[in-house]
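J.: Here is what each chain is made of, one letter per residue.
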Amino acid sequence: MFKKTSGRRQRFAALRLCVKIFIPCLLLFVACKREQRQFTQPPSTFKSYDVTMSDIHPGSPGLPQPVQNPSDQRAFDTNEGKRLFTQYNCSGCHFNGGGGIGPPLMDEKWIYGENPENIYSTIVEGRPNGMPSFRYKIPDNQVRELVAYVRSMSGQLRKDVAPTRNDDMNAHRSEERTKRETPQRSGPPPQ
Amino acid sequence: MIDMRNTTLKMCALAFVLCCSSCGGIHNALNPSGPQAHNLSRLWWLMFIVCSAVFVIVMIAVFLSLRNRTGDSQVTPQIEPPREQERKRSNVVVTAVTITVVILFVFLIASFSAGRSMTAGLEHKNGLTVEITGHQWWWEVRYPDASANNIFTTANEIHIPIGVPVTFSLKGGDVIHSFWVPNLAGKKDLIPGKINTMWLQADKPGVYRGQCAEYCGLQHARMALWIVAEPQEQFNAWRQSQTGTSIPPSSDSQKRGQQVFLTSTCVMCHAINGTPAGSNIGPNLTHVASRNMIAAATLVNTREHLAQWIRDSQTFKPGNKMPQNNLSDADLNSLVDYLQSLK
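Chains F and B are the protein sequences, given in the same order.
Numbering-wise, this note's numbering puts 190 at position 190 of the first sequence, and it's gapless, one number per residue.
Numbering-wise, this note's numbering puts 1272 at position 272 of the second sequence, and it's gapless, one number per residue.
If you're looking for bench data, these hints aren't it; they were derived computationally from the structure.
Here a beta-carbon is modelled for each residue, glycine too, at the ideal position from N, C-alpha and C.
A hint or two may mislead.
[Unchecked claim] What follows is a set of in silico ranges between Cβ atoms, one per label pair, in the way DEER data are often shown:
1) Thr86(F) / Met1059(B): 56 to 64 Å
2) Gly1024(B) / Gly100(F): 21 to 29 Å
3) Leu17(F) / Ile1099(B): 40 to 48 Å
4) Gly100(F) / Asn1150(B): 12 to 20 Å
5) Asn1292(B) / Lys20(F): 39 to 47 Å
6) Leu26(F) / Thr1095(B): 27 to 35 Å
7) Thr86(F) / Ala1289(B): 28 to 36 Å
8) Arg127(F) / Asn1126(B): 51 to 59 Å
9) Pro1276(B) / Thr86(F): 18 to 26 Å
[As the list claims (entries may be wrong)] With a straight-line cut-off of 20 Å between C-alpha atoms, the simulated DMTMM-like cross-links for lysine to aspartate or glutamate are:
10) Lys137(F) / Asp1329(B)
11) Lys137(F) / Glu1123(B)
12) Lys1194(B) / Asp168(F)
13) Lys1171(B) / Asp167(F)
14) Lys1194(B) / Asp167(F)
15) Lys1194(B) / Glu1123(B)
16) Lys1171(B) / Asp107(F)
[Stated by the list, open to error] Covered stretches of chain B, as calculated for chain F (at least 3 residues, CB under 8 Å):
17) 1163-1170
18) 1256-1267
19) 1302-1315
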């Protein structure tokens, strides 16, 4: 009689142990397939004429609706943007976002606006005083990735989307840990 | 029953044919074409033959002991077997252990000396030096020279003269890769921030396939290269053709193609010597038409493949760094015309 209950208790102990190990292991799978990578890109929703530079707008319909950048929601895209930021030599003027020849990108000041369509337009059209136009030079989906990355530099994106680490030694902490800045229009560009 | 035997025979024949098929080929460590690979294949055969013999002997011993076992379970096992029998058995065990230790020591020495011979005299192998940088997922190949005019960079196709030891200096551009041409030598890693050196020599002319042997990301399997071993004169001619600037476009379509190249996405990553294109993110295309394969030996260098690769390389190698390009048909046609003229 005693022997029997002991066997059952042992069996329960083993079962409990299994559950203790098995369920945490199972929980690890929750992290799988957080997002689906998209290697082939759909056409862009951006159009340059969506961008307005001022609040003054003729006619009745008011300002055009801001455009959603799908790359803002995808960790893969922001990391690609980070890679492209180096490879297209954005760092040559913007110095890892700290600014030098070009304005800093990691602070709260936005000369041409902080919305995705503003940054898109800056890259595609270029800006006075040095920012070249990358129209036809950078494919559209990569511009969107760059836009997402530029926004992550001042903490505008969700923490689970922003790049989590630097590939090389880098002057600044990774974008995931960047303080979220409150965007401000900073007036006309420096002459 | 007859059917069964027929099937068994067929299976055996198939297995034999498959075994034989692994004896030749351009991507095979058992088909050595140079001194380094010969060293390795000798070691391989030594280990294979000895281990096979050991396996067969062990299997025979198992079979005999199973056949000679006392099947009668009624007999109570002896707690203390006869002394004479016990002595005989312990002798067998001691002999087997001694032979095992001797075999392992033979392996150790053979492996050590093969390893030593791979790197022995590396500093004296000053026939030709080739610098290789591993990228995700292609090989940058640079031929240094005392005269700056003769230095050139190519990709994924390495020409070497036969009968001459060639030194490779190996670097990692992004992550760790491994350079492995089974017919010519063993593996050597390409490590970022470090230069590894190895040498190999091809004794007979031919084309040998190499492969990245260290998992390096999504397209690791499609990171291959070709080594083209050719007689010295042929190699010199090839080297001559690879130096200098690219051939200027001659036809109208080729001229338009060059315009497309220089005004679109291509110019941001690729270089063509003699034009303003000078980036080094992607392979150097100065003599791209002279290469047999594109995309790290993934596709044969034909007009169709080039066009498809330019338009949407992600269908062939998902995750590679080349973006999709929405060129018009006419522009794409001209661009391919231009690229195919870059002999």
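J.: Indicate, hint by hint, whether the structure satisfies it.
T.: Going down the list of hints, with the structure as the test:
1. Thr86(F) / Met1059(B): 56 to 64 Å: holds, 59 Å
2. Gly1024(B) / Gly100(F): 21 to 29 Å: violated, 59 Å
3. Leu17(F) / Ile1099(B): 40 to 48 Å: holds, 44 Å
4. Gly100(F) / Asn1150(B): 12 to 20 Å: For Asn1150(B) against Gly100(F), whose Cβ atoms are near 38 Å apart, the range 12 to 20 Å is violated.
5. Asn1292(B) / Lys20(F): 39 to 47 Å: violated, 58 Å
6. Leu26(F) / Thr1095(B): 27 to 35 Å: violated, 52 Å
7. Thr86(F) / Ala1289(B): 28 to 36 Å: holds, 30 Å
8. Arg127(F) / Asn1126(B): 51 to 59 Å: holds, 54 Å
9. Pro1276(B) / Thr86(F): 18 to 26 Å: holds, 21 Å
10. Lys137(F) / Asp1329(B): Status holds; Cα separation ~18 Å.
11. Lys137(F) / Glu1123(B): violated, 46 Å
12. Lys1194(B) / Asp168(F): holds, 15 Å
13. Lys1171(B) / Asp167(F): holds, 17 Å
14. Lys1194(B) / Asp167(F): holds, 17 Å
15. Lys1194(B) / Glu1123(B): holds, 18 Å
16. Lys1171(B) / Asp107(F): violated, 37 Å
17. 1163-1170: violated (count 0)
18. 1256-1267: holds (count 4)
19. 1302-1315: holds (count 3)
Consistency note: the structure conflicts with the earlier hints numbered 2, 4, 5, 6, 11, 16, 17.
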